[in-house]
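Protein chains in written order, with our numbering: chain U, 1 to 109; chain Z, 110 to 222.
There could be a bad hint or two in this list.
[Stated by the list, open to error] Calculated cross-link-like contacts (lysine to any residue; reagent style SDA-like; alpha-carbon spacing at most 20 Å): (1) K127/Z / S189/Z; (2) K131/Z / M195/Z; (3) K118/Z / V44/U; (4) K96/U / R153/Z.
[To be verified] FRET-style restraints, in silico, Cβ to Cβ: (5) E178/Z / Q14/U: 25 to 35 Å; (6) E178/Z / P50/U: 28 to 38 Å; (7) R108/U / K131/Z: 34 to 44 Å; (8) S10/U / G206/Z: 28 to 38 Å.
Derived from the structure by calculation, the hints contain no laboratory data. Even for Gly, the Cβ is constructed at its ideal location relative to N, Cα and C.
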Amino acid sequence: GQQVEQSPASLVLQEGENAELQCTYSTTLNSMQWFYQRPGGRLVSLLYSPSWAEQRGGRLTSSAASNESRSSLHISSSQITDSGTYLCAPNSAGNKLTFGIGTRVLVRP
Amino acid sequence: GGIITQTPKFLIGQEGQKLTLKCQQNFNHDTMYWYRQDSGKGLRLIYYSITENDLQKGDLSEGYDASREKKSSFSLTVTSAQKNEMAVFLCASSIGGGTYEQYFGPGTRLTVL
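The shape of chain U in the complex, shown without the other chains:
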């Protein structure tokens, strides 16, 4: 089945810094969804991309390399409220998403 890896496992940023989170997967991509979760909180959908389309939402951009099994989430001008865990969930076929374990982000003032 689909294998998903996220890197880095954790990341510390100074407020205002940019960051790139990576998601690698083992099969072809139909769609990619990125989620955000605070400890004990709900999974919030950040960006959804059908196939290889780049998606933007405010300070977030999701992009995928069509010739590589890899997607990235770019966070620009990080804010303290961006702290939390970011999960990627690629869909390769059928009805299932496969989730990575996540990248834990801490933004310091």
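For this one, chain U is given, so just place chain Z on it according to the hints.
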């Protein structure tokens, strides 16, 4: 917009007990999902349903039953709670299958004594 609600928010059970978790959505979505989230592991799919009265097993269906009573609701039953089990159960819905955007509920946190 719509919302997904899950009840109860916290569930404490005894070993061997049968426990039921409920999920409601008002998106009018066809597909609903149950996931389990354990610390240090990715979300794992337990069951999903692509329409009313449909059930499909996920990767972690053993030890669980599910029921899609109507389009807006999807229930999950832990058939025999395991001692010291702790996990969060997340319900989600989407307009279609896995290629479509999924929306999540707030979760039910299970503790088994």
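Do the hints match the structure? See the list:
{"no.": "1", "hint": "K127/Z / S189/Z", "result": "holds, 5 Å"}
{"no.": "2", "hint": "K131/Z / M195/Z", "result": "holds, 18 Å"}
{"no.": "3", "hint": "K118/Z / V44/U", "result": "holds, 17 Å"}
{"no.": "4", "hint": "K96/U / R153/Z", "result": "holds, 10 Å"}
{"no.": "5", "hint": "E178/Z / Q14/U: 25 to 35 Å", "result": "violated, 50 Å"}
{"no.": "6", "hint": "E178/Z / P50/U: 28 to 38 Å", "result": "holds, 31 Å"}
{"no.": "7", "hint": "R108/U / K131/Z: 34 to 44 Å", "result": "holds, 40 Å"}
{"no.": "8", "hint": "S10/U / G206/Z: 28 to 38 Å", "result": "holds, 33 Å"}
Consistency with the previously given hints fails for number 5 only.
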